[in-house]
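Engineer: Given next are the chains, with one letter for each unit.
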Amino acid sequence: MSEASAPVAHHGPPQSFIRKHVFSLDHKVIGKQYYALALVAVVTGMVLSWLMRIHLVWPNAPIPGLGLLSKTGAPGGVMTPEYYLSLMTMHGTLMVFFVLTNAPFAAFGNYFLPIQIGAEDMAFPRFNMMSFWTTFIAFVILISAFFVGDGPPLAGWTAYAPLSAVGKDSGPGEGLGQTLWGLSIFVFCIASLLGALNFIATTLDLRTKGMTLARMPISTWAWFITSCISLLAFAVLMPACLLLILDRTAGTSFFIPSGLNISDHLQPHQGGSPLLWQHLFWFFGHPEVYIAILPAIGIVSHILINSMRKPMLSHKAIIYCMMGIGFLSYMVWGHHMFLSGMNPFSALVFSFPTLMITIPATIMTLIWLGSLYGSRLRITAASLFALGFISMFVSGGVSGFFLAQPSIDIYLHATYFVVGHFHMVMGVAAIFGIFSGTYFWFPKMTGHMMNENLGKLHFWLTFIGTYCIFMPFHYLGLAGNVRRYSAFSDDFLVPLIPVHKFITYAALFTGAAQLIFLYNLLYSRFKGAVAPANPWECTSLEWVMPSPPPWDNFGGKHVVVYHDPYQYGDVQSSTGDYLMQDSPERAGQTP
Amino acid sequence: MRGNMGGKVFAVIVIVIALLSAVPIITHTFLGATVAPPEDISTHGPQIDKQIDDTMLEAGLSFLAAQIVLGFFVWGAGGKKDAKLKNFPGGARYLVLAAILLVGAEAIALGALGTKAWGDVYFKTAAADAIPIQVQAGQFAFYFRYPGPDGKYGAIHPEKIDEGNSNFFGLDPENDVPARDDITSGEMVIPVNKEIHLMMHAKDVGHSFYVRELRIQQDFVPGLDLSLHFTATKVGKYEIVCTQLCGLGHYNMKAYLNVMSQDDYDKWLKAQSS
Amino acid sequence: MATTLQPPQTEKARELRPRGGNGAGGVQGPPTGGELRNLADRPGETARTGIWVALAAIGMTFAALTSALYVREGAATDWQHIALPGVLWFNTLALIASSVTLEIARRRVSAYMRERGTDRSSSTFWLNATLALGVVFVIGQYMAWLKLRSEGLYLPTNPNSSFFYVFTGVHAVHVLGGLGGLTRLVVKFRNRSLRRSTMDATSYYWHFMGALWLYLMFILWVKL
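The listed protein sequences derive, respectively, from chains W, D and E.
Per numbering that gives the first Met the number 0, residue 0 is the first one in the first sequence, and the count goes up by one each step.
Per numbering that gives the first Met the number 0, residue 0 is the first one in the second sequence, and the count goes up by one each step.
Per numbering that gives the first Met the number 0, residue 0 is the first one in the third sequence, and the count goes up by one each step.
Misleading hints may appear alongside valid ones.
One-sided excerpt, in silico: chain E residues whose CB lies under 7 Å from chain W [stated by the list, open to error]:
| no. | residue |
| --- | --- |
| 1 | 54 |
| 2 | 64 |
| 3 | 72 |
| 4 | 81 |
| 5 | 85 |
| 6 | 110 |
| 7 | 151 |
| 8 | 159 |
| 9 | 161 |
Don't read these hints as lab results, they were simulated from the structure.
No residue lacks a Cβ here, since even glycine has one placed at the ideal position from N, Cα and C.
Take the sequences, apply the hints, and build the full model.
Structural biologist: Dropping the structure here:
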């Protein structure tokens with residue numbers, strides 16, 4: 000093996016302000032930029048959800064300030080039905096793309112993947128910088144949809160054709176806003192592909208001496224597997240968005256059949272297939288939800304092990320399960336389309352692998368639970384969110400068990416049961432992964448500790464609050480409460496409004512609780528206690544250097560790795576009950 | 000602070016939440032409640048309901064077990080800094096095996112059992128003597144069409160649709176003989192205990208047909224001729240609602256399914272023809 | 000080194016070797032003075048991995064478009080076969096020829112770097128030839144579009160023409176990117192700052208564009 004085991008830095012230390020903080024090639028800065036963008040997106044998305052929830056239970060109430068955002072969408076502050084759908088579309092789009100793909104994957108992954116494998120930076124720092132700024136451009140394009148004449152699109156984050164494809168005729172919100180949506184997502188795909196490219200090449204080629212694939216932390220494995228999934232998924236969404244934009248602007252008919260009379264206009268298109276859009280979209284869309292959850296699984300597992308002071312019963316099993324989920328994720332997209340009019344036999348074909356995903360998910364859950372037994376669990380804000388993740392992952396997962404069966408889906412499709420399911424796994428569990436990662440890695444990223452008491456308070460309020468919000472969704476779904484309705488006027492829906500009121504109060508309360516987190520984040524950034532290099536006594540390489548790390552991560556040192564990252568417990572090391580990965584001390588037998 | 004106070008609080012809260020979550024399910028099962036599927040009025044519905052109940056039992060028990068175990072293990076973990084570390088008996092091996100065998104078997108069983116329920120709705124073709132009704136979904140209403148005494152539908156001409164003059168289907172009775180006796184209705188009227196063959200046509204964008212009590216749901220796909228068949232078993236009025244986002248009026252897009260006795264249905268049909 | 004540490008019982012002890020192309024050895028060290036015979040790849044050079052990953056994504060994009068083609072054909076009754084403009088065959092030849100010239104260039108550059116005869120001008124000639132043939136291809140594609148337009152076949156005219164423009168257009172965009180990469184090769188070679196891995200990666204990309212074009216010609220000919 001050659002002696003020059005770590006790559007020479009691609010770029011020197013940044014000099015100017017622009018190079019240091021704006022157009023930075025440093026993966027750490029880029030990671031923080033992604034995090035900041037995700038923060039803006041999540042606050043926007045959360046405010047949108049408040050507006051939605053308020054409208055659902057008080058449809059005629061004027062909402063202060065809303066009339067300023069859109070005179071046509073909310074005249075006098077009273078939301079129109081189309082504006083509700085537009086806000087819902089933007090909520091979903093922002094959350095799925097700009098929060099759940101950005102924060103656990105692009106933000107934390109960019110910051111910590113190179114460090115956890117002992118590299119000085121990503122493989123392609125310029126592409127990395129481009130991928131962030133391209134994401135930013137996609138974000139700006141999306142937000143601009145709020146300000147165009149016809150308003151933001153209203154076809155949902157799933158943008159089914161022909162509603163999304165024919166243009167203005169299909170109604171308000173389907174003018175320029177929908178085209179901007181398509182363009183924004185197209186650009187986002189480019190950014191994601193650049194990001195995935197970097198993650199994969201870095202993981203394969205830039206691991207430091209001694210860092211075999213088997214010795215990578217679970218979080219690194221999660222980012223790596225996610226980037227592989229991402230590469231193939233976004234490569235399919237891109238042409239889909241292109242075809243959608245062409246249908247809207249160039250008169251093609253990829254997704255629009257003939258003979259459509261919309262708003263008394265006979266549409267000139269012919270021969271297209273609305274199902275084609277669904278197939279392309281969900282071929283991307285299902286792997287996308289695993290792109291959202293896998294990094295959280297990796298982050299939470301990594302943090303749990305550190306908090307338990309003992310390794311998982313088998314961290315290899317967790318890694319294989321993540322791989323299995325990644326592989327299976329490409330075989331199940333049709334479970335979003337059981338009732339779409341595709342061949343009913345294919346429903347059974349898709350149902351089988353969907354049910355099979357239960358197996359790796361259960362293996363992981365059992366291993367987390369089994370590993371907790373007999374551990375020396377340390378309760379911190381980070382570990383509480385990790386434990387909360389397990390609870391939420393179970394809750395969200397079991398509802399999937401219903402939806403995976405086509406016969407049950409006949410009843411539950413397009414009801415709040417589905418909304419409850421994906422909010423629990425994505426809107427809560429994945430977000431808990433982000434919170435856990437934040438509390439854990441904030442000291443390393445900023446050099447300051449966050450306030451633990453505020454963090455724990457944030458956890459309790461959010462854990463209870465999110466259960467109060469999303470558990471009732473499942474009961475509403477069982478009652479047949481249809482989703483994507485801007486008001487509940489049907490006979491069978493009116494009696495359910497009290498449940499919706501409870502949910503709205505819980506949502507506003509939980510939303511307010513997030514202010515604690517924001518305050519903690521901002522205050523600690525400037526006034527928090529100084530963070531030592533390794534406040535959590537963690538073994539992985541990011542804790543080797545001071546907080547925050549120097550620009551080239553390891554100060555020019557070529558780190559050498561001697562063992563796996565989960566040497567906790569009775570390891571007889573000089574540091575106590577753990578052994579750093581770069582410590583040449585012998586790894587002891589784990590209990 | 001290294002004590003496990005936070006862990007014990009977590010354990011209590013997670014177990015309480017799990018038990019509270021089970022309450023509405025249990026009260027529905029034993030007492031009946033609003034937040035539950037309504038009474039089923041279709042011939043294929045009981046199979047679907049059984050599937051839901053079986054899944055609820057297995058999923059519900061798994062949910063409770065996992066949350067309670069999580070609570071117990073977190074309660075017991077931690078404590079003194081030098082507490083002896085213990086490993087779960089058997090390590091990962093039995094857990095992995097249990098997951099694969101038990102969950103795998105459960106998943107396969109439920110999947111296999113559900114196939115019949117699915118097949119009854121989708122694999123069987125409508126009976127030869129099923130009553131044909133066409134439903135057209137458009138922004139934002141459902142319209143139903145009966146073929147009339149000649150048993151044939153007139154052709155749909157999208158360019159002739161004129162809602163102002165109640166020509167919802169774009170029929171051309173002047174030039175198209177079968178269209179002359181077609182009956183159009185804003186309400187879906189059917190006789191009880193007779194199979195209905197529902198042919199679904201989308202006028203503009205995607206919609207979906209959903210009747211909770213019938214345990215039936217199917218998307219309308221523009222450009223595709225899809226159909227459903229079912230038999231209603233109880234007289235009454237039920238809501239048909241759209242469940243596929245179709246624009247601003249989606250929340251309001253509905254019609255009534257009126258299940259009548261055979262006599263009442265015949266009377267109604269005769270009244271429509273005249 | 001492997002003997003001085005105790006691998007934990009659950010680990011595989013396999014170490015990573017840095018990736019290298021053909022003969023990643025050669026003269027080590029950074030360039031001296033102005034005359035550079037080669038620029039060694041850094042250990043852990045990532046360009047080749049990077050390009051394979053990028054090609055996987057591009058391949059997936061065309062797989063998605065292909066499946067869109069099949070589904071669209073199955074969905075409708077308005078499939079009207081179009082005659083492929085004859086210039087496409089000429090363009091195909093140009094693109095294949097450019098791959099040949101690129102391979103010749105690559106071997107010449109590689110030999111030059113290993114100080115085994117052949118002067119710089121030969122490598123430069125073949126690189127420039129590749130670039131020229133690539134430009135010929137793009138111009139030829141544009142002429143194919145003009146031909147279709149003259150027959151009244153525009154982007155929205157029928158599904159066949161739509162797919163024709165989309166497939167050839169998306170491919171052409173990627174070829175333009177490849178031309179950018181080739182230009183970078185020419186410039187770097189002239190400035191004596193070309194690395195082996197850059198040469199290899201750019202070549203893989205360009206050959207992939209050629210192979211992809213052969214696949215597209217087949218699909219267009221059979222389906223459209």
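Engineer: Next step is simple, just say for each hint if it's right about the structure.
Structural biologist: Hint check:
no.: 1; hint: 54; result: violated, 10 Å
no.: 2; hint: 64; result: holds, 5 Å
no.: 3; hint: 72; result: violated, 10 Å
no.: 4; hint: 81; result: violated, 15 Å
no.: 5; hint: 85; result: violated, 25 Å
no.: 6; hint: 110; result: violated, 24 Å
no.: 7; hint: 151; result: violated, 14 Å
no.: 8; hint: 159; result: violated, 10 Å
no.: 9; hint: 161; result: holds, 5 Å
The structure fails to meet hints 1, 3, 4, 5, 6, 7, 8 from the earlier list, while all remaining hints are met.
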